[in-house]
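Quick note, the sequences are listed as chains A and B, same order. Numbers given in my numbering equal positions in the first sequence, counted from 1, plus 4. Numbers given in my numbering equal positions in the second sequence, counted from 1, plus 2.
Check the hints yourself; a few may be wrong.
Each pair of labels, with its calculated beta carbon distance range [said to hold, decoys possible]:
#1 A:176 / B:46: 41 to 49 Å
#2 A:101 / B:52: 23 to 31 Å
#3 A:163 / B:55: 20 to 28 Å
By construction, these hints were calculated from the structure, which means they are not laboratory data. For every residue, glycine included, the Cβ atom is placed at its ideal position computed from N, Cα and C.
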Amino acid sequence: MQPLASVESVAPAEVGAAESPAVEVPAVESPAVAVAAMPAPAVAVESPAEVAAAGNGEAPLESVALSPAAGLAADLPVRTPAVDERDQVLGVRCDNSHFNDPRRTDCAVCGQPLPNAESAVQPGPRPSLGVLVLDDGNVFGLETDYVLGREPQNDPEVAGGGARPLRVADPDGIVSRRHVRVALNGWDVQVVDLGSSNGTTIEVPGEPEPRSAAPHQPVVIVPGTRVNMGRRWFRYEALGRP
Amino acid sequence: MSPTVVAAIADYEILEALPAGANGRTGSYLARRPPRLVLDFDFDTVVVKVLQEGSTARAFRVVSEDLLRFAALRSPYLVTLFEVGRHDGLVFCSMQHVTGGSLAAPGDPTQVLKAVADAARGAADLHAAGLVHGAITPSNVLVAPYGAKLAEPSLDRSFSPGLLVRAGAARAIEFADPALLLGEPLSPHHDVWSLGAVLHRVTAGVGFYGALPADPLGALRRVVRAEPAISPALPPDVADVVRACLAPPHVRPAAATVASRLARR
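Isolated chain A, as found in the complex:
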């Protein structure tokens, strides 16, 4: 095995370039993966460490060798199963076991009528409440909260695992680093402006004018609602039956 520079040797420059140091983001994985910093194009030598030593001032190449990797992989921590991020909520099940909002009368997935007796209400893992459709065409599942902005990874809730980061690029800088949070509360979806510099507007289906979101005040939104952050926007949509 060739000696490799540890990931720590390259991380500080990366943090400065790509992640604001305003909030310390803890490493989520073991640093067992060694990353070699190399100039590119690399010269014809075999050792990444030697390539690094022969630096020519161009942008460095970070590289992890995978071909002779069995030894390195043995040092990795045991892979933990995917974390179930779903909150426990009260709901009702249809005959096909789909878990539903107790305020519904029919199943959002299969359309079966739902029991309306109070005794039918039980706790269970909340299914996805729908999707966020971004203006760039990407679609994100609503199983948990999101923080949207130019640098959402620096949000304390994101760093603590309580929300996913959803990066919204904006060369004009109208979108704030932490602009808006989409929060799931029971079976409802809320939007919270995080004190953004240029504000958030909400276009509710059927309303003629957009509303301005007051900073830090949660607003419950319904499917079809469009949320604007400057010129960037997303829509909240349900996947199940209306």
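Chain A is fixed; fit chain B onto it per the hints.
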């Protein structure tokens, strides 16, 4: 030869852009192996796949760990990876060039069942190591003259947590277990569902839901609300395997069982 849009990725000299599906994916390039890259075999050309534009150091580290675990399995049913790198804003992975295309455009229709069986063996090897592929589609089953290989797992979840459908890729969701789209955490039984969907698509020539709309929201809604319909054109024994892959998780077979049922055929 396909038009090449980049001359180099890091120190890989790009020879040509691979068309979508040719080696399983878009954003893949045939490239010359840089001299510093020492491989077990004497490959002069490799495939370089661009995984992501723009990435944090942390995401790169997580993705590197994922690929390292995949590569360390050394399974003959998984594509051989050489290196994952980050350079000039791009995260890329270099890997062997599997020359027979993918099941998205299979060259030899008589080999498709064997190819799906090989993909199931690849999935079984992943599952035995505690890994889940998460994106088994026809274009991720790479076909070689000597057998098929499963391409590297989906890394979307590491780069973009929660990403359900990448822009422009709506039709691939016919291969995703609807339970996954409704919020279940990723698990090996979702891969088995996908193997059934791939088997159906490559055998019947159609998906469970007809032609899905290109609009991601419309495609998602149809997949979530409709029951998958198994084509009557399928041979009965193949239909039985497909049906088993779609069964409730507690009775769904393991990937290794799917492979052996297809191999017995």
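For each hint, the structure was consulted:
1. The hinted window of 41 to 49 Å between residue 176 of chain A and residue 46 of chain B holds, with their beta carbons roughly 46 Å apart.
2. For the hinted restraint 23 to 31 Å between residue 101 of chain A and residue 52 of chain B, the CB-CB distance of approximately 41 Å leaves it violated.
3. For residue 163 of chain A and residue 55 of chain B, the Cβ-Cβ distance of about 24 Å falls inside the hinted range of 20 to 28 Å, so the restraint holds.
In this structure, only the earlier hint numbered 2 is contradicted, and the remaining ones agree with it.
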